[in-house]
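S.K.: Sequence:
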Amino acid sequence: KDESPKKITKVRVIQLIALSVALITGVYLIAFKGNQKSQNNNLVFQFDEENETEKKSNKESETISELLIEIGAKELHSRATTALKNFLDAKDVKSRIQYCRDSQRVQPLMESYYSKHDSGPISYRRFSTVGDAETGPLQGFYLLKISFPDFSIQPVVMGLENGKMVIDWESFVGYSEMSLSEFINNKPKEPTMFRLHARPDDYFNFQFNEKEHRCLYLRNPTDTESVYGYIKKGEPVDDKLSRIAESGKSINFIIVNLQYPDKPGGKNQVIINDIIASGWLLNQNN
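Start counting the sequence shown at 4; every next residue gets the next number (my numbering).
The set of hints was computed from the structure by calculation and includes no laboratory data.
Be aware that one or more of the hints could be misleading.
Keeping only pairs whose Cα atoms sit at most 30 Å apart, straight-line, the calculated DSBU-like set for lysine-lysine is [said to hold, decoys possible]:
| no. | residue 1 | residue 2 |
| --- | --- | --- |
| 1 | K167 | K88 |
| 2 | K119 | K97 |
| 3 | K167 | K243 |
| 4 | K190 | K270 |
| 5 | K235 | K252 |
Here are the computed distance ranges between Cβ atoms for each label pair [said to hold, decoys possible]:
| no. | residue 1 | residue 2 | range |
| --- | --- | --- | --- |
| 6 | S155 | S115 | 43 to 49 Å |
| 7 | T66 | N89 | 33 to 39 Å |
| 8 | I156 | G268 | 34 to 40 Å |
| 9 | Q142 | E249 | 17 to 23 Å |
A quick note: this is a predicted structure, and the numbers were derived from the prediction, not measured.
Idealized CB from N, CA, C, for every residue including glycine.
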């Protein structure tokens, strides 16, 4: 009778110890699994971060500014001059078009232009270097200057397409839909696009009077002809001219639509139907 309660007590103690051990083991197992899961999650997160960093580092520069940050000014200029040299040394339209901006749209224009002009290599003396005036990134493009054998100097505008430096061919040659000579001979009454040099003038005659119109003298250095373009005061095109003047931009280089009036005037008096851009570069803002 005296030993029986003692045996029961020992059994209960053993049971409690076993239960405690089981509980402690369970807690350790749960903690271990949680810690392992956390470590795995951290590894996955770190792996994702590394992949994201790798993607960013492998991402191709989409703008001149991004490329400048990535490779530096000297290397950027080196790539620009290499592309320009390849462009100038090209033997025909097919080999030159690959170095041109917006090549798909420009190719038919080039084919038309070079049917009347020499499409072979273009001679040059030298390019401007890093640090020279008017050389380097400018408003999303890259600008440099080239000098020719006759010692004339011309700015060249370049862009970045698919990671490659390309030349804006239209501004390089001053592309127009026809020459001023052709325009004067044909006298089209539909708007025709020209890249020209412009300056204000005071020549008024026939139906174009000073009270109602503004006058610009328009010419192309490669053409023997010039015209006087007229803008009616208060018209939308007059507002465009005012905005250009007020912004401080020059009209020395300008892209315009010209047409002859229904009522004949002087042979070189034309209507400025629209001002497309100040400068010879077409971009998304034009």
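S.K.: If a hint holds in the structure, say so; if it does not, say that too.
M.R.: Going through the hints against the structure:
Proposed proximity of K167 and K88 is supported: the alpha carbons are some 14 Å apart, at most 30 Å. Straight-line distance between C-alpha atoms of K119 and K97 comes to about 16 Å, which keeps the hinted pair within the 30 Å bound. The straight-line distance between the Cα atoms of K167 and K243 is roughly 34 Å, outside the 30 Å bound, and the hint therefore fails. At most 30 Å may separate the alpha-carbon atoms for a hinted pair to count; K190 and K270 meet this at roughly 8 Å.
Restraint check for K235 and K252: satisfied, since their Cα atoms lie roughly 21 Å apart, inside the 30 Å limit. At about 25 Å, the beta-carbon gap between S155 and S115 misses the expected band of 43 to 49 Å. Take T66 and N89: their Cβ atoms lie about 22 Å apart, and the range 33 to 39 Å is violated. Here the CB-CB span from I156 to G268 is close to 37 Å, well matched to the stated 34 to 40 Å.
At about 19 Å, the beta-carbon gap between Q142 and E249 stays in the expected band of 17 to 23 Å.
Checked against the numbered hints above, the structure breaks hints 3, 6 and 7 and satisfies the rest.
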